[in-house]
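**Q** Note that the protein sequences, when read in sequence, are chains A and B.
Read the first sequence against this note's numbering and you will find it ends at 390, with the numbers running on by one and no gaps.
Read the second sequence against this note's numbering and you will find it ends at 390, with the numbers running on by one and no gaps.
Just so you know, these hints were derived from the structure itself, not from any lab.
One or more hints might be untrue.
Remember, identical chains collapse to one label, so a pair may be satisfied in a single copy or spanning two.
Once the Cα atoms are required to be at most 25 Å apart in a straight line, the calculated DSS-like pairs of lysine-lysine come out as [as the list claims (entries may be wrong)]:
# : residue 1 : residue 2
1 : Lys345    : Lys35
2 : Lys56     : Lys345
3 : Lys362    : Lys211
4 : Lys35     : Lys56
5 : Lys36     : Lys64
Residues per chain, in single letters:
2 protein chains.
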Amino acid sequence: MSAQKKLIMLPGPTNVSERVMRAMQKPIINHRGKDFASLLRGIQEKSKHIFQTEGEVVVLSSSGTGGMEAAVWNLIRPGDVAVVPVFGEFSQRLAETVELAGGTAVRVVSDFGSAPSFDDLEGAVMKQGKFKALYLVHNETSTGVALQYVQDAARIARDHGAFVVVDAISSLGGYSIPCDKWGVDVCVVGSQKCIAAPPGVALLSVSKRIEEFVKGSPPKTRYFDLARYLEYGTRGETPFTPALPIFYALDEALTELAEEGLATRVKRHLECAAALYDGVEKLGLKPVADSKIRSRTVVAVAYPEGTDDGEFRKKLDSDHGIVVAGGFGPFKGKVFRVGCMGLVTEDMVKRTLAAVSECI
Amino acid sequence: MSAQKKLIMLPGPTNVSERVMRAMQKPIINHRGKDFASLLRGIQEKSKHIFQTEGEVVVLSSSGTGGMEAAVWNLIRPGDVAVVPVFGEFSQRLAETVELAGGTAVRVVSDFGSAPSFDDLEGAVMKQGKFKALYLVHNETSTGVALQYVQDAARIARDHGAFVVVDAISSLGGYSIPCDKWGVDVCVVGSQKCIAAPPGVALLSVSKRIEEFVKGSPPKTRYFDLARYLEYGTRGETPFTPALPIFYALDEALTELAEEGLATRVKRHLECAAALYDGVEKLGLKPVADSKIRSRTVVAVAYPEGTDDGEFRKKLDSDHGIVVAGGFGPFKGKVFRVGCMGLVTEDMVKRTLAAVSECI
Chain A
31 MSAQKKLIML
41 PGPTNVSERV
51 MRAMQKPIIN
61 HRGKDFASLL
71 RGIQEKSKHI
81 FQTEGEVVVL
91 SSSGTGGMEA
101 AVWNLIRPGD
111 VAVVPVFGEF
121 SQRLAETVEL
131 AGGTAVRVVS
141 DFGSAPSFDD
151 LEGAVMKQGK
161 FKALYLVHNE
171 TSTGVALQYV
181 QDAARIARDH
191 GAFVVVDAIS
201 SLGGYSIPCD
211 KWGVDVCVVG
221 SQKCIAAPPG
231 VALLSVSKRI
241 EEFVKGSPPK
251 TRYFDLARYL
261 EYGTRGETPF
271 TPALPIFYAL
281 DEALTELAEE
291 GLATRVKRHL
301 ECAAALYDGV
311 EKLGLKPVAD
321 SKIRSRTVVA
331 VAYPEGTDDG
341 EFRKKLDSDH
351 GIVVAGGFGP
361 FKGKVFRVGC
371 MGLVTEDMVK
381 RTLAAVSECI
Chain B
31 MSAQKKLIML
41 PGPTNVSERV
51 MRAMQKPIIN
61 HRGKDFASLL
71 RGIQEKSKHI
81 FQTEGEVVVL
91 SSSGTGGMEA
101 AVWNLIRPGD
111 VAVVPVFGEF
121 SQRLAETVEL
131 AGGTAVRVVS
141 DFGSAPSFDD
151 LEGAVMKQGK
161 FKALYLVHNE
171 TSTGVALQYV
181 QDAARIARDH
191 GAFVVVDAIS
201 SLGGYSIPCD
211 KWGVDVCVVG
221 SQKCIAAPPG
231 VALLSVSKRI
241 EEFVKGSPPK
251 TRYFDLARYL
261 EYGTRGETPF
271 TPALPIFYAL
281 DEALTELAEE
291 GLATRVKRHL
301 ECAAALYDGV
311 EKLGLKPVAD
321 SKIRSRTVVA
331 VAYPEGTDDG
341 EFRKKLDSDH
351 GIVVAGGFGP
361 FKGKVFRVGC
371 MGLVTEDMVK
381 RTLAAVSECI
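With the hints as extra help, turn the sequences into a complete structure.
**A** Here is the structure:
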């Protein structure tokens, strides 16, 4: 069917097992029937385990950004204030989305490659007093930085009466984020990152208080109207035609994850990331992020002076069959990013390091 | 892999060829790389042929409803007036979406199963004077009714300075809608209807004047921001991670369609629908829609008094392996709907009629 299969070391989409790929060959069915209801419920039950929640799970046929759009438009009304740490492309987008929805985004800013300190965030929250929601990008896919204080941030936000929304699109499954325990109201994850399914679906955990809020509020969007998804969900349906083959694949990938166990998968991500950072430094290369805030799932590395981004990645691909990503925004051409997610193993890390060493 | 393969006679999703299913097994690739750019451009070129346009084509990872959401939020600003014929579930939703975006929907209403007359629409347009956009659901999937005056409606709307948006989600490919010739600014189609790919992608044609309008206006939504899709499109990318396997399948399905030829596919739909309506009436059953406004792709049939919708469709499925859909809104339990789209053949129509005859 296809040319040689490559080793995908992108920060999503990532390598997908044969078993998950094959699941997409299951037959087309009626999405208003029993078989689909059972498929959807299976996805929801298995995801609840990953979100560590007893709340509901909404399955959207969209990318992760669509999931965050839903998380903003369902909560933010004109005049509402949201606090948003901004430290890369995706958190920047998130603050802008709050503004598109008519809200005011109170940005707690730090440079690309760094992260706002918890003290800075707490200062902004204290100064704000009551506010509507805290929007946290847990893992900045654009810079390889992960926030280390999700639990504490959720606590202070709740103390100020705010909803807590976490963009864990590229981290959940590689990190443990116990949503109920930490008080996370909405957590968003993409199908194509640590869960290792193909792209096309976003999963949202929805706490009881969010459920009450959205059911009691008029909708602002149709495609992303969470109340409608929750209502249809009670009978095992989605309001709009689902991306069925991706649902099949996601269901299988979640089964794979359950078989491995969440804790084991998290540990594997941790160990692979440690090996990757260690190897990168041994090659004399410099990770973008300080060791205290480094992401476990996206490893961003600065190019040595004079390296051509396009040439390096082309050579890695054509000579070694390994695909990594370039940099974003101010890091474009200056940084490459290695995904360390999903089915990643220490062997994949070794192969990647050996190839990087030859091509750099 | 799966149980016996069923004959899917739903008004979408529909039967998908083995060849298109297999395309989903192509490898995961970087959506910021050359291979993806060539995939996207292939989809766009082949769709332009179906839309009969020299404008751009935007490919969204969403259902058709997501496509219509994009068509509303990118054009309608608070205070704008849109004229919307309302004659079923999907046109009702569309009018509501105009209102969610802050617009005023001038509804031209007729009962479920009928269609507003052209005179009524023209009257509303004349009364309105200048307005922002005409939103036409070409084919009401919920009732099996198709509007017969898209070209004339587009003409009068343009005469009043309005944009023309056509929801052809369940009809394009089964009908010919020459967008440029008729002056349709945005036309929306779903992957899982007459194109016969799996669900998960919506295609939008975008006329030059819409392109100018959206590029000159601040965005109102992020996930559905057409200007961003057009900008990324120039370098063969989508702004957000695409539902890659569905893109592969859609590309293959569009190739299949090109091989058959648009005119031949349209003719096949016309002939199959004629055979289906004829057969239904010979069984003594009554199509919902009057013969002048009957849809060629969705055949809605009234149950004889006393038929149990659930039992009938269950028997059709378990005894004959044929899947049809139930009714919507006021037609729930009173009507069944047969999809006549995509790969439909006269043989499939015969099998369906024979099975309906036994089960009714």
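**Q** Determine for every hint whether it applies to the structure shown.
**A** Cross-check of the supplied hints:
no., hint, in the structure
1, Lys345 <-> Lys35, "within (16 Å within a copy, 44 Å between copies)"
2, Lys56 <-> Lys345, "between (37 Å within a copy, 22 Å between copies)"
3, Lys362 <-> Lys211, "neither (38 Å within a copy, 43 Å between copies)"
4, Lys35 <-> Lys56, "both (22 Å within a copy, 9 Å between copies)"
5, Lys36 <-> Lys64, "between (38 Å within a copy, 15 Å between copies)"
Hint check: a violation occurs at hint 3 only; the rest are consistent with the structure.
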